Amino acid sequence: MYLTTFGIVLVFFIVGALFVAVGLFTAALVRPKNPTPEKLRTYESGEIPMGSPWIQFNNRFYIIGLAYIIFDVELVLLFPWSVVYKTLGWYSFIAMVIFLMILIIGLVYDWAKGYLEWDKPNPVIPQLNELIIHRKKVNKEN
Amino acid sequence: MNEILWISLEALIKAIIILSLLLLSAAISVYLERKLSAWIQLRIGPNRVGPFGLLQPIVDVVKLIMKEDIVPNGANKFLHGLAPVISLAVAIMVWAVIPVADPIKIGDHIIQMGISPNADIGILFILAMTSVGVYGIALAGWSSNNKYSLLGGLRSSAQMISYELSMGLAILSIILISGSFSLSDIVNQQFSHWGGFRWNIFIQPLGFLIFLTTAFAETNRAPFDLPEAEQELVSGYNTEYSGMRFGMFFLAEYANMATSSAIITLLYLGGWTLPFAPSAIGLEQGTWILGLVQFVIFAIKIYLLVMFFIWVRWTVPRFRYDQLMRLGWKVLLPLALLNLILTSFGVLFINH
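If you're matching them up, the sequences are chains A and B in order.
Positions 1 to 142 (our numbering) are the ones given, in order, by the first sequence.
Positions 1 to 352 (our numbering) are the ones given, in order, by the second sequence.
All the pointers check out, no bait thrown in.
Calculated cross-link-like contacts (lysine-lysine; reagent style DSSO-like; alpha-carbon spacing at most 27 Å):
| no. | chain 1 | residue 1 | chain 2 | residue 2 |
| --- | --- | --- | --- | --- |
| 1 | B | Lys105 | B | Lys14 |
| 2 | B | Lys301 | B | Lys105 |
| 3 | B | Lys330 | A | Lys113 |
| 4 | B | Lys67 | A | Lys33 |
| 5 | B | Lys67 | A | Lys39 |
| 6 | B | Lys67 | B | Lys77 |
| 7 | B | Lys63 | A | Lys33 |
| 8 | B | Lys63 | B | Lys35 |
| 9 | A | Lys33 | B | Lys77 |
| 10 | B | Lys77 | B | Lys63 |
| 11 | B | Lys63 | A | Lys39 |
| 12 | B | Lys301 | B | Lys35 |
| 13 | B | Lys77 | A | Lys39 |
| 14 | B | Lys35 | B | Lys67 |
| 15 | B | Lys301 | B | Lys14 |
Hints were generated in silico from the structure; no laboratory data involved.
Quick caveat: nothing in here was measured; it's all calculated off a predicted structure.
So here's chain A without its partners, still in its complex pose (with noise of 0.2 Å):
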């Protein structure tokens, strides 16, 4: 019987838990607590904060989040790989690269598709008398 290598792990998470406890419950003891509503209220450059703290943001988070998850996959599948690839010999080159090619393809659909771009590449905003003449034209139409 002897402790595993993770055991040792176990022991130190252990050891790091009851520091940060301690270093609360110190904490906790010693600092004062008057609550005030101006201080409890959220921080927003001094004025009255307006409407809700989770406001939309740019959906481009959401597709970096995506392509960060296709990509960490490829990540995991190549590590055991990258291990044993001494002994594998050409066969494994050639598999790998032909893997990353499919992912490497992904990448550039991604870069030429403009969706690593953050700023919006072209925004195309309607113009008032574009309208003005298509609503002029449908008129003379009827």
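Let chain A serve as the given structure and place chain B on it in line with the hints.
Using the frame of chain A, we list chain B on its own:
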């Protein structure tokens, strides 16, 4: 039964030593940051508390402990409290697999230098832990009931996951060369009997640059400190934190800096190895003197890198967010893929 007790005791002692060293190194990093930034800006820096202001970090911690802990209205209390704990826990747990020297021998008992340096999945453990680190910051931003915090948390998580890919690919190239996930194996492979010419930085110069850049981004330090950009987001995800909880984020940031430096040293800069065979100056393998010398070499390398981190922070301006994303996805990721393919080709070419 007796044996389990002894091994547990040894693990406990090592855990306490490593934890104290980590906290000490965070304190030293804080002092270095304040002092070096002062010198760069032609100021004097902390000089009142203790000789040369050396006790300043301790006073900082005491101040943070004495401060009121404010949970803002409408914040999710549980997650708001949990987020800094996650951040700090991750920063500490990475050290579970980092070795600091060769194992030493006392009597016929071999002591590993580090918590569990022989873990055969060392690098995977580090990657997993840094991924969990994203949760701390994202949860802190989301649970604070503050628009600045939410934006800071989102930015930070997007940035960390973008740069993690290039980091993973750079690490893959190292594993291709070493054929092992264990950090001890990777360091021992870089040892040569004359000079440091088998360091991975000379074999993987491109990989080193990629890893260095991603290390800056992963620790959220300048020039990648957009999550806490003071001028636009008033320190981002930790706007609503105060007292000890803020202190935990602070501690985690500086511990992460030391951790990143340690990983760079282990992977690329030869770790704790001496530039010549230890027996050349009369040090036997396995003695505690050799262990001490190796530990000192390792610490010196870590601190040179920490100073480099600080130097960069106070001299380089911050990126804009679209530039950051462009660098991550359009420059580093293709370069890292190229580096991986070139490395795999090279390894095969040499071995077959």
